[in-house]
Amino acid sequence: MGTKFGTAVVKEADSFQAGSLAAKEAMKKAGSEKVNLSLVFASSVYNYSEVIRGVKEATGNAPLIGASSAGEFNEEKASKESVGCAVISGDTHRFFLSRADNLKGNELKGMKKAAEKLPSKVEGYPFNSAILMMDGLTFNGDEVVLSAGEAMGPNVKIAGGAAGDDLKFESTRVFYNEESSADMAGMAMIASKAPVAIGVQHGHSPISPPLTITKTRGNTICEIDGKPALEVWKEYAREKAEKAGIDVDEFTEKTLTDFFVRFEAGIHIGTGYKIRFLGGTKKTDGPLVFPGAISEGMVIRVMESPKQDQIDSARKAAEIALQAAGNTEIAGAVVFDCACRNLILGDDFPKAVGEIKKTLNVPLIGFETYGEIAKEISQLSGFHQTTTVVLLIPA
Amino acid sequence: MSEEKVRRRKLIEHYGQSVGSASAENLISEAVNNVGLDHKLEYTADEILKICNFLKKKEGYIKILSLIFISHVKLSYPDKEFS
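Going down the list, the protein sequences come from chains A and B. Residue numbering for the first sequence follows our numbering, starting at 32 and increasing by one per position. Residue numbering for the second sequence follows our numbering, starting at 2 and increasing by one per position.
Extracted from the complex, chain A is given alone in its bound form:
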C-alpha cells in the first residue's frame, strides 16, 4: 500500500469550515479515507479550536499535530490568513503523539516525561524520527530541541517548527489533538520502515568581523564590544541599510523591524552560521532582544540576506533532503520556513516555494514559523531561524 500524502491550503470565513474543507481536500488528493496523521497550520485570524474541530471531524478523529502560523503554503500556492493541512495515510509509518506543557525553564524534565509516553521501539518499523512543534514566543528553542533530543535518544532525527501568529508577536499556539496551547511542545513520533530525510539551509553571509557580547540582561544584548549594542549593529549595516531605504538614524517601528529582517545575527558553529532574528527589539535605542541562548562573552556577527540567496537556499534545503533520502521513494514533504524569509522576499516568496516544489516534485505542506527545528542523528542542537527545513516522508 505504501504511504499517501495529500495537502490543501484554504481560505474560509468560518474557522470550522476552513479546517473541514482543508482536511477534506487533502484527503481527496491523497486518495484515502483513512488518515493516520493530520498536520494543521492556521493563521491567527482563525479560531484555532474550531479549525481543529473541523479537521478532526473530517478525518474521523485522526491524530493531529500543528501550530498557529505566519503564512501557509503547499505545492499549489503560498498564502496568508489561511489554513494549511496535510494528511498522511498508509502502512509504512506509525505515528505516536505526546506533549510537554509548561516548558519554559522546565525543558529537560518536560520533554523526558513526554518521551516516556512514546514507544522506544516499534516492531517492523526500525527508523524513529519526530515532528516537534513548539511555542514561538517562549524564546527557549535551543533548550527545547536539546531536551527533546536527549529525551528521544541520539538515533532519532527531529524536524519541526515554532508556532507563529502572522508577525503580531502576541500569542502563538501548538495544536495537539483537540487542543491548542501556549508554552507547550507537541511531538509526533514517526516509526518508519524507511528513514525520513531532512534538509536545512539558510541564505545569510557575514558583513562584520566577530563581535563579542559584553553585557546582557535576560534575553537582551545591552552592549557589544563595550558599546551600546544597537549602535554597533547600525555601524556595520548602515551603508547597506541606506541603500535599502532604511534611515538608521531615524528608525520607526516598521523600519526597525525591516532593519533586523535584513541584518540578523550569525553564530559561528564551526561548519557555518546559525541565524538569530533580533526582530523582538522594539526600542529604537536598543537593547537588542535575542531569541535564544545568550551569554556574555558570546561571539556573533552582523549578517545580511540578499533576496536571491534566500531563494537559492530554499532550493538547496530541498536538494540536501533529497540527497539524504537517496533512492527512497518520497510520499510528500513538510517544510518549516521562517516567517522572516517571507519578509525578506516579499512578493518573491512564492519563487522560493516554487524552487522547493520543482526540486522535490512531490506534494508539500509548509508553514511560516518563528523558528525551525532540524536535528540530525548525533547532533545536540537543532534550533534555527530564518532558515528552511525540509522533511521528506518516504512513500
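Any given hint could turn out to be false.
[What the hints assert, rightly or not] With a Cα cut of at most 27 Å, we get these calculated DSSO-like pairs of lysine-lysine:
#: 1; chain 1: A; residue 1: 258; chain 2: B; residue 2: 81
#: 2; chain 1: B; residue 1: 81; chain 2: A; residue 2: 65
#: 3; chain 1: B; residue 1: 81; chain 2: A; residue 2: 135
#: 4; chain 1: A; residue 1: 144; chain 2: B; residue 2: 64
#: 5; chain 1: A; residue 1: 246; chain 2: B; residue 2: 75
#: 6; chain 1: B; residue 1: 59; chain 2: A; residue 2: 246
#: 7; chain 1: A; residue 1: 140; chain 2: B; residue 2: 81
#: 8; chain 1: A; residue 1: 148; chain 2: B; residue 2: 75
#: 9; chain 1: B; residue 1: 75; chain 2: A; residue 2: 152
#: 10; chain 1: B; residue 1: 11; chain 2: A; residue 2: 143
#: 11; chain 1: B; residue 1: 51; chain 2: A; residue 2: 140
#: 12; chain 1: A; residue 1: 144; chain 2: B; residue 2: 75
#: 13; chain 1: A; residue 1: 140; chain 2: B; residue 2: 41
#: 14; chain 1: A; residue 1: 135; chain 2: B; residue 2: 64
#: 15; chain 1: A; residue 1: 144; chain 2: B; residue 2: 59
#: 16; chain 1: B; residue 1: 58; chain 2: A; residue 2: 140
#: 17; chain 1: B; residue 1: 41; chain 2: A; residue 2: 143
#: 18; chain 1: A; residue 1: 135; chain 2: B; residue 2: 57
#: 19; chain 1: B; residue 1: 64; chain 2: A; residue 2: 143
Read the hints as simulated data drawn from the structure, not as lab findings.
Using the hints, position chain B against chain A.
Structure of chain B alone, referenced to chain A:
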C-alpha cells in the same frame, strides 16, 4: 575497564552547537580555571564532571547540556565513585 577520556575539542564542539565555537572556548576555559584544572587536550570522567558541575550553574542551554553530560558520565561508569 580503562577510563575513556574526553577531548577538550569535543566538549567545545558540543557547547558550541548553540552558543558558537568562540563562546564555547571561553566557557570551557572559565570552567577549567574555576575548578582548578589544567588546560589540556583531554579530561577524565572525574574532571568532566567537575567542569559540568560548574557549568550547570549557568542558565538555559548551557545548564541543560551540562546536566545531560553529568548524567551520561554517571551512566557510563555506574560503579565508579566520583570525587
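### Task
Please name the hints from earlier in the document that this structure breaks, with their numbers sorted from lowest to highest.
1, 2, 3, 5, 13, 17
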